[in-house]
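Novice: Going down the list, the sequences are from chains B and L. Sequence positions in the first sequence follow the numbering used here and run 339 to 518. Sequence positions in the second sequence follow the numbering used here and run 11 to 162.
Careful, some of the hints might be misleading.
Below, computed lysine-lysine pairings styled on DSSO-like, alpha-carbon distance capped at 27 Å [to be verified]:
id	chain 1	residue 1	chain 2	residue 2
1	L	Lys-40	L	Lys-94
2	L	Lys-94	B	Lys-440
3	L	Lys-40	B	Lys-383
Treat the hints as calculated values from the structure; they're not laboratory data. In this text the structure is predicted, and so the values were computed from the model without any measurement.
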Amino acid sequence: MSRLLPFIAFLLLAGLLGFGIWWNTGHDQTAIPSPLINKPAPDFKLPLLYEPTQTASRASLLGKPYLLNVFASWCVECVVEHPVLQAEASTLGVTLVGYNYKDAPDDAKAWLAARGNPYAVLMADTSGQTAIDFGVYAAPESFLVDAHGVIRYKHIGPITMDVVNTELKPAIAALQQESR
Amino acid sequence: MRRLLCVLLLMLVLCASTAMAQAIEPLPFKDHTEEVRFQHLTAELRCPMCQNETLADSNAPIARDLRNQIFQLMQHGQTDAQIKQYLVDRYSEFVLYDPPVQRNTWLLWFGPLLILLVGVGVVTATIRKRSRAVLPHVSTGEQTAADEGDDW
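One chain only, chain B, in its complex shape (with noise of 0.2 Å):
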């Protein structure tokens, strides 16, 4: 017995180790999980890009659950994000709000102007004052917020098609079971 116990110890180890590898590779270590979810969004009120004399707000956008959109110009991977947004837009059942993220709203209409502008509602935060409180630091990310204003679910990192046949729709879905 006590020849094997080397042995058993080894074992252990390399089980530790072996699930400490299998942990880390399978998920977003930089995706720090929101405090947010399930709790009401925090309240805003922003300019929307293309009529900044308008704004949208919190209160303004309840009653139907939305997707928030946090992009910018400078975001490199909002490039790969982009075009899913484009595809999928019309087929989530919620309504697309774009958060244009500390950018220069030129860039961002540039931006927009060659990519194509999925957003039904499209507000710019260029001093990112309100993404702080809703916890963003990076671009993208995308909130669920259902029609009572609460955030539901968080993804950081570009949307793909496997995020959301996997975790945007089953999402939008229990949000559309809720509400009937």
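Since chain B is already given, all that's left is putting chain L on it; use the hints.
Specialist: Chain L alone, transformed into the frame defined by chain B:
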């Protein structure tokens, strides 16, 4: 040669200081105490973007924004605890370099102690077993040989 070395050294120092100046933008502190407090606070908080840097060290855009936000909150008379809570509410406990002792951090806080205790247990058991095995048969040659084989 010596002069050349001096010049090189001076250049190196200048380069280093300009790099520092770019990384940390000056904030209008009203006195040294406030500045020290700010430095201390930002050194205890982690940048959410570049995960192994403090807010004080990080040059990421979000770190700059959060430093400004912390400075603003300090101007509004918020305590260190309030400012930390403000960030935890938005970015989770991830931002704390000094995580609080609570149920989901028990393993983190007491895990090393647990391993130490297991180690002490193993060592104690081994020593006891050996002293028990050796003492009564100290003169028999056979026992010593068996004991050596057991030695790992």
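Novice: Hint by hint, say whether it matches the structure.
Specialist: Results of checking the hints against the structure:
Taking the CA atoms of Lys-40/L and Lys-94/L, the gap is near 21 Å; set against the 27 Å cutoff, the hint holds. Annotation: proposed proximity of Lys-94/L to Lys-440/B holds, straight-line Cα distance about 24 Å (limit 27 Å). Between Lys-40/L and Lys-383/B, the direct Cα distance comes to roughly 32 Å. Violation of the 27 Å bound is thereby established for this hinted pair.
Taken one by one, the earlier hints fail for this structure only at number 3.
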